[in-house]
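S.K.: Once you've looked at the hints, go ahead and assemble the two chains, each given alone in its own frame, into the complex.
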Amino acid sequence: MIANATRPLLQVKDLSVDYLTDRGPVRAVDRVSLDVAKGEFLGIVGESGCGKSTLLFAIARLLSRPAEINSGEIWFGGHDMVTMDEDELRHLRWRDYSVVMQSAMNALNPVMTIAEQLADAVGAHQRMPAGQLKSRSQELMRLVGIDPEHLRSYPHQLSGGMRQRAMIAMALALTPDLVIMDEPTSALDVVAQRSLMLKIKQLQREFGFATIFVTHDMSLVSHFSDRLAVMYAGQVVEIGATRQVFADPKHPYTVGLMRSFPSITGPLQPLSGIAGSPPDLGHPPSGCRFHPRCPQVFDRCSKEEPDLYARDHDLVRCFLFDPAIER
Amino acid sequence: MTIADLPPRPRVGVAPELLRTVSLTKHFRLGGFLSTRFLHGVDDINLAIHEDEIVALVGESGSGKSTIARLIAGVYRPTSGDILHRGRSLRGLRSRRDVLEYRGRVPMVFQDPYGSLSPVYQVSHGIMRALKLHRRDLSRRGREEEAERLLEAVGLVPARDFLGKYPYQLSGGQRQRIGFAQALACRPELILADEPVSMLDVSVRIGVLNLMASLRRRERISFLYITHDIASARYVADRLVVMYGGLVAESGPVEDVLAHPKHPYTQLLLSAVPDPRAPISLPEKTEVSEPPRVINPGEGCRFRARCPYAIEECSRVTPALRVLRPEHEAACHVAASDLEGSPGLDARRRPAHI
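First to last, the sequence lines map onto chains A and B. Just so we're aligned: the first sequence equals residues 905 to 1231 in this note's numbering. Just so we're aligned: the second sequence equals residues 7 to 360 in this note's numbering.
Chain B on its own, in the form it takes in the complex (with noise of 0.2 angstroms):
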């Protein structure tokens, strides 16, 4: 094993600021046009993404998460909220030349390999489109040879062979490699990755990972890295972000997170995660997990009917973010503060994530 193997550790220090949510809200209207019934996708998201950094995204299927990746590649528009990408608001990009240019900065990886790349054609077409779009300054020449090096730094060597392979030639793994390739074409600063590992089989996963890891190092590329398998964002990213019913739950430095969970449903994901290396231990109670209410869901916390801890305030009031620990905070009502001095009011000033 080398050294570019190793995952990384989190990092001392806050880099310049790449990438940042503010207020970020998406509704999505259920019905007709007059329908007054409205999905919350996502609600009042803030969050900030630096360089250098790999953040996970975490929850379960219809939290948010990929909604989020959405808004952020402009898939889709926000309802309310703004999202700054280095200080400027994405509202300001106008001319195609703009749009482009985001889109290069901040490209996307899906999920599913197989349904991402055109059968018909070969592997050197989406990269060579992509160094067309968006390198306009390398020759007909200098394409190719840059095609090779993107192949080259995501693990498919011999680069020449591979890009006259068809998909059907390559399996799950080298796919989402190839997914990675045509997003590196743009010169990247930040890469979305909507569950990039989870359809692959699970002997090549890591690898997948290990690929984000090693381009964040070599390529200094930051990551939003959406999962709903925490034991994997704890292997790559440095910060976690854990959503439920479209709002954040908590989010802070991945370790801190894992060792003192402050949210409840954090807790409950943690305790849920089979680990094989844990003690056997098979508790009696099982819990009966419904889904969140998302439309129309009014005040209070969305986990409040799941939470062994709820109070009166948790069905009145949307609990805040509050920063419980150095970096680390968390919306609940219940949730103690680990921090020195008078703990909730202080924290309760501290502005998010500095």
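Only chain A is shown next, with the shape it has when bound in the complex (with noise of 0.2 angstroms):
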């Protein structure tokens, strides 16, 4: 496969999720529109609940229910995966798409040894003589840091670090165009996270894949990814280049996360992060969904719902940022 030139990797249009619970359906994800290129590092963050988690399974066609995909559209190289059954999408997964999952212990099954695992991922997809794979499975394994002794493992007798890379080397197999991460470091203690990071930045030059990588760790993905989405209760309330977000953050929601969490360098700083916290998905506020929060509401904002508005090559979802209101 795949995409031509011109037309980006995947395309998410207006995206909606809902799950659908005895009150009446939950919007967990709403009208998310995302562009990924081939070969780019998307990050995404935002806090438990933003609906990140649940935006990904739906790209990757996961949800069960009751969550399930309200409207909108997901474009992945041409194929129009909203409507696509179980069977089309069997051909798709681990070889043009690959997930890894936050909790490799509970992702891997325990009773298999990593070679069987690989074997029967591999084995779905491609028919491969014993020797062949034996050898593939090796270089895997050597790819992702892994001494490819541990092809004999069984999952508990890895550490979480080699666990997560474990799952890598399974969803790199058959060399995907995109692989979806969600949260695969949360799990591991800092100095892991930065090896393992390191690591898929590295295969990702390699190979060319790219990458949707969720996380609550906004410091994280700061020197990953190419372009960053920030989400707040179910909406992506800015997007644009991972530097320019850094450096100049818009939305007062991508502003007070900046300033939640203390550095080790520099002076100490007071910090204050976010008054209140997020809000219940079956009970939305009314117009902007953060103005309960915000440092600088006004009028308008409990009135109406902003859009997302274009500025300096990023999009924000706030009114101080609305062209027809600029002074």
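Careful, some of the hints might be misleading.
[Unchecked claim] Okay, the calculated bits of chain A under chain B, using three or more residues with CB under 8 angstroms as the criterion:
#: 1; stretch: 1112-1124
#: 2; stretch: 1165-1171
[As the list claims (entries may be wrong)] Distance ranges between label pairs, derived from CB positions:
#: 3; chain 1: A; residue 1: S975; chain 2: B; residue 2: V126; range: 33 to 43 angstroms
#: 4; chain 1: B; residue 1: S204; chain 2: A; residue 2: H1217; range: 31 to 41 angstroms
#: 5; chain 1: A; residue 1: D1051; chain 2: B; residue 2: R43; range: 15 to 25 angstroms
#: 6; chain 1: A; residue 1: D1051; chain 2: B; residue 2: S204; range: 26 to 36 angstroms
#: 7; chain 1: B; residue 1: G37; chain 2: A; residue 2: P1189; range: 48 to 58 angstroms
#: 8; chain 1: B; residue 1: Y174; chain 2: A; residue 2: P1189; range: 12 to 22 angstroms
By construction, these hints were calculated from the structure, which means they are not laboratory data. The beta-carbon is built from N, C-alpha and C at its ideal position, and this holds for glycine as well.
M.R.: Okay, here's the thing in structure tokens:
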């Protein structure tokens, strides 16, 4: 496969996802639009419950009841992902896109060795003689920095960092165009985390796959992602080049997030975080969803819902950047 | 922003000692009763916490930091060594009254605010219970007033409303504040806070850290703050203790340790912290991190397999903590002393934390 030069590898248009509950639908992802170019690293950050993982699952078509895609389109390499059935998806999974989950301990099968699980994933898509499969498996393990000896190990015999690396080896086994990652480093300590991030980046340079990387830790992706999307209460509130967003955050929520984590360098500064807590998506606030917590709130914010406005190549969902009220 | 929100500065002068661990050691036997495999949770920990002080204990998971908190809280019995509370050994706590008294002075706040509050009771239940147990002097009316004061102290206002709420009506940050209010109900001297913010949303974490700083300032409570996040440790703590493989690798005033890390593990840890304010630097070499051996570890530095500076001595002799800068010590054979005079010898003779 795949995408011709002009079209992005992945296009998400106005995607909405609902969780069907007894008390009516709860919208977890609200009209999200994103593009991911070939070979690009897109970071998605947000707090728990902001819909970032639901968005990933929707893109990978891994949602299960009670969640369902309500409206919107997902185009991946010329395929309309929303209307595809399981049979068609089976051909794309692993080969064209793969998913690395947050907890490798739960994603790996505890009673199969790493070699067996790799063979399972590869074998489902490609016929490969045993000898070739073995050498390919060894190559993959070396790629992610694990001794190929561990092919004979069971998941519990590996450390947390090694399990995540094994997951990444499986995700790369069929050289997909897109690797979707849901907080793959959140269970690791900082040293293992940094080493895994560097590995992902190095592999990405080598193989040219695109990455969507979801995390709650904004600082983690600061050095790794090309573009950054910030989500709040199911919506994208700011999206732009990572360095630009860090250098000049625009949405008051992004500004608040940036002021929420202390630094180990520079002078010690008092921080305030963001007052209040994220809303219940069953009853989202009227108007702008961030307005009850926003330090720059004004009249219009509680009455109307802001659009995404363009500013310095970023898109910002905030009336402060509405060109119509430009002073 | 008010003055109360400002993070504390490291203080000068030494306040009276509140708690001290003396060669505190905890080994866990693995397998059956006759097994000879021991997991070394912590080994030979000498840690002092003073009045009005926040000490941060940092390290990766499995480094023994929670084990220390549980030993101090009396959840585990030490394999050897001792814990002194205001000079009195915890081994001397025999009567229920003594134990209750100690637990009131040194309560614990837990990591998971979702698991540490019972879902079937209102907020008032836990706080009133703590007040009934630890504040026998208060009347019923006095307890109610005190409960409201406590909730206000942890930033939950209007307090009266919060007393009647159930945990499911509260956010994670609010639940964690209830945890602190319950600890406060015992009139503590030292709160053991085991990863109190790691399960909270990024935007509310700093509020809980600011709460710890203000409780120290207003109520003169000391904290043992356990975390894997060295940046948050810098934000609230006066002193930093870095653990590796069940041993203290380095300890000293926070800013001094960050500016002059002496132990190679501390250096590695600091280099791994993601910092968006730092310039982009992506080293080509990636370090493969393997956990240290803590089951029957034997002699030698536990960091040696990962250490770029390891020498022959490191595999033979477990390095002892040496004072290398004022009030700043590290357990490394290779690290150089910055003290004046003959560095090695004089430094070795100095007792810890004085």
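S.K.: Would you mind marking each hint as holding or not holding in the structure?
M.R.: To see whether the hints hold, each was checked on the structure:
1. Beta-carbon proximity to chain B at under 8 angstroms applies to 5 residues in the stretch 1112-1124 of chain A; the threshold of 3 is reached and the given coverage holds.
2. Look at the stretch 1165-1171 of chain A against chain B: 6 of its residues bring a Cβ nearer than 8 angstroms to a Cβ of that chain, three or more, so the hint holds.
3. Against the hinted window of 33 to 43 angstroms, the Cβ-Cβ separation of S975 (chain A) and V126 (chain B) comes to about 40 angstroms, which satisfies the hint.
4. Here the CB-CB span from S204 (chain B) to H1217 (chain A) is close to 35 angstroms, well matched to the stated 31 to 41 angstroms.
5. Between D1051 (chain A) and R43 (chain B), the C-beta spacing of about 24 angstroms keeps the proposed range 15 to 25 angstroms intact.
6. For the pair D1051 (chain A) and S204 (chain B), the beta carbons lie near 31 angstroms from each other, so the given range of 26 to 36 angstroms is met.
7. G37 (chain B) and P1189 (chain A) have their C-beta atoms about 55 angstroms apart, which keeps the hinted 48 to 58 angstroms range intact.
8. Our hint of 12 to 22 angstroms for Y174 (chain B) and P1189 (chain A) holds, since their Cβ atoms are close to 20 angstroms apart.
Hint check: no violations occur; every hint is consistent with the structure.
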